[in-house]
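Participant: Chains P and H supply the protein sequences, listed in that same order. If you number the first sequence the way the working numbering does, the last residue is 111 and the count never jumps. If you number the second sequence the way the working numbering does, the last residue is 432 and the count never jumps.
These aren't lab readings, by the way, just hints derived from the structure by calculation. Computed from a predicted structure; not experimentally measured.
Simulated crosslink set (SDA-like; lysine to any residue; CA at most 25 Å straight-line):
1. H/K389 / P/V46
2. H/K368 / H/S355
3. H/K133 / P/Q68
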Amino acid sequence: MSKHTQWVDVGTLEQTTFTLSEICDHSELHAEFVIKLVNYGVIAPVTGDDARTWSFDLPALTRLQKAQRLQRDLRVNLPGLAVSLDLLDDIDALRREVDNLHQRLRQLMQE
Amino acid sequence: MEFKDYYATLGVSESSSPEEIKKAYRKLARKYHPDISKETGAEAKFKDVGEAYEVLKDPEKREEYDQIRSYGQRRDGSFEPPPGWESASNFSRGGYTEADAGQFSDFFESIFGGRARHGHHRQGAGFGRTMHMRGGDVHARLALFLEEAYNGCEKKIQFDVTEPDAAGGMKLRHKTLNVKIPAGMTSGQHIRLKGQGSPGIGGAPAGDLFIEIELAPHPLFALDGRNLVLTLPVAPWEAALGASIKVPTLGSAVTVKIPKGSSSGQKLRLKGKGLQGKTPGDLMVILQVAQPKHHSEKAEELYRQLAKVESSFNPRSRLGV
Numbered sequence: 001m002s003k004h005t006q007w008v009d010v011g012t013l014e015q016t017t018f019t020l021s022e023i024c025d026h027s028e029l030h031a032e033f034v035i036k037l038v039n040y041g042v043i044a045p046v047t048g049d050d051a052r053t054w055s056f057d058l059p060a061l062t063r064l065q066k067a068q069r070l071q072r073d074l075r076v077n078l079p080g081l082a083v084s085l086d087l088l089d090d091i092d093a094l095r096r097e098v099d100n101l102h103q104r105l106r107q108l109m110q111e
Numbered sequence: 112m113e114f115k116d117y118y119a120t121l122g123v124s125e126s127s128s129p130e131e132i133k134k135a136y137r138k139l140a141r142k143y144h145p146d147i148s149k150e151t152g153a154e155a156k157f158k159d160v161g162e163a164y165e166v167l168k169d170p171e172k173r174e175e176y177d178q179i180r181s182y183g184q185r186r187d188g189s190f191e192p193p194p195g196w197e198s199a200s201n202f203s204r205g206g207y208t209e210a211d212a213g214q215f216s217d218f219f220e221s222i223f224g225g226r227a228r229h230g231h232h233r234q235g236a237g238f239g240r241t242m243h244m245r246g247g248d249v250h251a252r253l254a255l256f257l258e259e260a261y262n263g264c265e266k267k268i269q270f271d272v273t274e275p276d277a278a279g280g281m282k283l284r285h286k287t288l289n290v291k292i293p294a295g296m297t298s299g300q301h302i303r304l305k306g307q308g309s310p311g312i313g314g315a316p317a318g319d320l321f322i323e324i325e326l327a328p329h330p331l332f333a334l335d336g337r338n339l340v341l342t343l344p345v346a347p348w349e350a351a352l353g354a355s356i357k358v359p360t361l362g363s364a365v366t367v368k369i370p371k372g373s374s375s376g377q378k379l380r381l382k383g384k385g386l387q388g389k390t391p392g393d394l395m396v397i398l399q400v401a402q403p404k405h406h407s408e409k410a411e412e413l414y415r416q417l418a419k420v421e422s423s424f425n426p427r428s429r430l431g432v
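Throw the hints in and build the complete structure from the sequences for me.
Facilitator: Below is the structure:
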């Protein structure tokens with residue numbers, strides 16, 4: 001590494017959106033597959049009425065990539081992907097909630 | 112080099128049928144898939160399972176592996192391939208399958224040769240064809256303390272990217288990056304660093320780096336979305352009479368007015384004192400009436416007086432007793 005440390009700024013994070021072709025580029029997927037995922041409600045575009053004007057946000061991209069990994073590694077089909085991703089989201093949310101409740105419980109018992 | 116017992120990895124035996132091996136692999140792949148399992152080391156186990164299956168599902172590789180296995184490991188568990196060993200499958204020259212194994216172990220390479228390709232689609236690169244291929248995206252996790260997330264911070268992130276090597280294959284390169292994390296990130300949120308992933312091939316753009324944020328639990332503040340939750344102990348007389356008390360926040364401490372007649376569980380909302388963002392979170396303060404561990408004679412006497420004055424109060428009326 002060079003002597004001068006280079007800092008990478010991530011300021012304009014929330015504005016990041018991707019078109020259909022950009023999102024395909026990132027995940028090396030065919031547009032047809034992404035369209036199917038949208039139709040199954042696995043991911044949703046933030047704007048756009050038809051596929052040509054769709055734009056996706058960062059959570060949609062990461063979700064799409066997760067879907068792709070599950071499909072590739074575990075051969076999950078489309079309806080299965082929709083169910084798995086929803087359940088995984090639920091589990092994540094519950095896990096966080098349990099962690100928080102545990103923590104608050106600890107605080108209450110501390111007295 | 113460590114000897115890898117692929118049969119043990121999959122929990123099968125040398126006499127197991129291809130069907131049994133497939134079944135065992137599928138089960139373990141589901142169990143340890145990094146997107147599914149939160150177990151520590153799940154990713155490494157997933158890779159081990161994938162590597163084991165890569166060998167055992169292929170009759171030719173399995174036979175070679177069985178030979179190696181009977182040749183055996185050394186007493187200390189280390190392993191060297193037999194002198195003059197050469198695999199027929201010649202992994203390095205395009206025998207690769209659809210599995211995206213990233214990197215297989217040294218043990219695997221010593222038997223089946225060459226470096227595993229990172230993704231089969233990169234294979235043309237070594238054969239003199241002109242390739243244009245966008246670099247792969249890289250995913251990393253970053254744990255932050257709540258204070259760091261609240262204030263924003265500078266973090267050193269280490270990750271591996273894949274890039275072409277001189278022989279036309281792909282190799283891993285360790286990369287370190289200093290990243291300025293903006294204030295207000297929370298668990299499960301992603302950061303994208305454009306062009307910081309694996310380099311592209313043939314002048315194609317580099318992939319991106321995606322960082323998933325994970326917040327470490329804080330001793331005082333719990334997190335509820337973008338809101339922070341603080342349990343605030345108050346003395347019985349502060350709750351009864353009302354008081355102005357100092358409350359810690361993730362910024363500087365603030366003074367909060369406790370209303371007269373407060374009780375445990377009551378919530379106060381400090382607007383905008385949660386995590387920052389487009390819609391900043393609040394700090395939720397939950398009152399908790401606390402008692403001194405020991406009361407003096409004088410205090411006990413005062414309580415006895417209080418009990419007489421407030422004799423009509425039944426804190427258990429809701430319990431029907």
